[in-house]
Amino acid sequence: MKKTLTLFCFFCFIILSAIAQDSTKKVGRRGYLKVNPTTLINELDIYLEQEISDKVSLEFGISGIYTDYPDYVLAKKIDIGQKKPDVSTSQFVDGRGLGFRFGTRLYLFSRKTNISRAAGTYFEPVLFFKKIFYPNEDVTYNNTNYTNSADKSVAGLQLLIGRQFTKDKFILDPFIGIGVRSKIYQYNTYHFDNNNVSLNDGKMVSILPSFHFGVKLGLRTW
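Take the sequence shown: its position 16, counted from the start at 1, is 16 in the numbering used here, and no numbers get skipped.
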């Protein structure tokens, strides 16, 4: 995770340098409100982009997570020899959480450029964090009740490229990119084996590359 933060700081330094060089060019400081319909299967993603110069804007995002089923498929159903978290199917399905994102957009051309077919093209490093709480699950062994509990933390860096199309007040923002993210599962799970009850007080950490694509839809708000 330290390497992720170092990379993010490096990209922020580059982009802040671009802001300083571009500070003489003023724009109307427009804002955009967007949603990402490609993630609606498990969460609602809302974004606010705020222009701060002619070529640079900041983008903030918040996610309301109402199921972690896609991660259940990736973590437990697809078997490529990876270690699997000791979290039940129902806990994955009923997982709830919040996510936060912060990105800095560097547009390759001035927003006032109308002659270029590539106007609206941008590069954006994004730092994100998600916390998911799985519901407690009660189990009974030998007439004794036990409670299984678990949660997950996800953090990482995305490097995105995209092109934002604007038509009047409407926004179409397709993007693609790569990144790296860490997942930390923590769980207290009881098992009944050989007539004995055992507690798996575990923690599973995975750091993997990631691939991202999608499209955001929105409106210019001011």
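Do not rely on the hints blindly, as some may be mistaken.
As the list claims (entries may be wrong) - Dumping the calculated DSS-like pairs for lysine-lysine here, alpha-carbon to alpha-carbon at most 30 Å:
1. Lys77 x Lys167
2. Lys203 x Lys183
3. Lys130 x Lys83
4. Lys167 x Lys83
5. Lys169 x Lys84
6. Lys83 x Lys203
7. Lys76 x Lys169
8. Lys167 x Lys76
9. Lys131 x Lys77
10. Lys131 x Lys169
11. Lys203 x Lys131
12. Lys84 x Lys183
13. Lys83 x Lys169
14. Lys183 x Lys83
15. Lys84 x Lys130
16. Lys203 x Lys76
17. Lys169 x Lys77
18. Lys84 x Lys167
19. Lys84 x Lys131
20. Lys167 x Lys203
21. Lys203 x Lys169
Please keep in mind that the hints were generated in silico from the structure rather than gathered at the bench.
In this text the structure is predicted, and so the values were computed from the model without any measurement.
Cross-check of the supplied hints:
1. Lys77 x Lys167: Cα-Cα ~42 Å, so violated.
2. Lys203 x Lys183: Distance ~10 Å between Lys203 and Lys183 Cα, so the pair holds.
3. Lys130 x Lys83: At roughly 21 Å apart (the allowed maximum being 30 Å), Lys83 and Lys130 satisfy the hint.
4. Lys167 x Lys83: violated (47 Å)
5. Lys169 x Lys84: violated (46 Å)
6. Lys83 x Lys203: holds (11 Å)
7. Lys76 x Lys169: Given pair Lys76, Lys169 is violated - Cα atoms ~43 Å apart, limit 30 Å.
8. Lys167 x Lys76: violated (43 Å)
9. Lys131 x Lys77: holds (22 Å)
10. Lys131 x Lys169: Distance ~33 Å between Lys131 and Lys169 Cα, so the pair is violated.
11. Lys203 x Lys131: Measuring from Cα to Cα gives roughly 15 Å; hence the hint holds.
12. Lys84 x Lys183: Holds: Lys84 and Lys183 sit about 12 Å apart, inside 30 Å.
13. Lys83 x Lys169: Cα-Cα ~47 Å, so violated.
14. Lys183 x Lys83: Holds, at about 12 Å.
15. Lys84 x Lys130: This hinted pair holds, its Cα atoms lying about 19 Å apart.
16. Lys203 x Lys76: holds (16 Å)
17. Lys169 x Lys77: Status violated; Cα separation ~43 Å.
18. Lys84 x Lys167: Cα-Cα ~46 Å, so violated.
19. Lys84 x Lys131: holds (18 Å)
20. Lys167 x Lys203: Since the Cα atoms of Lys167 and Lys203 sit roughly 48 Å apart, the hinted pair is violated (cutoff 30 Å).
21. Lys203 x Lys169: violated (47 Å)
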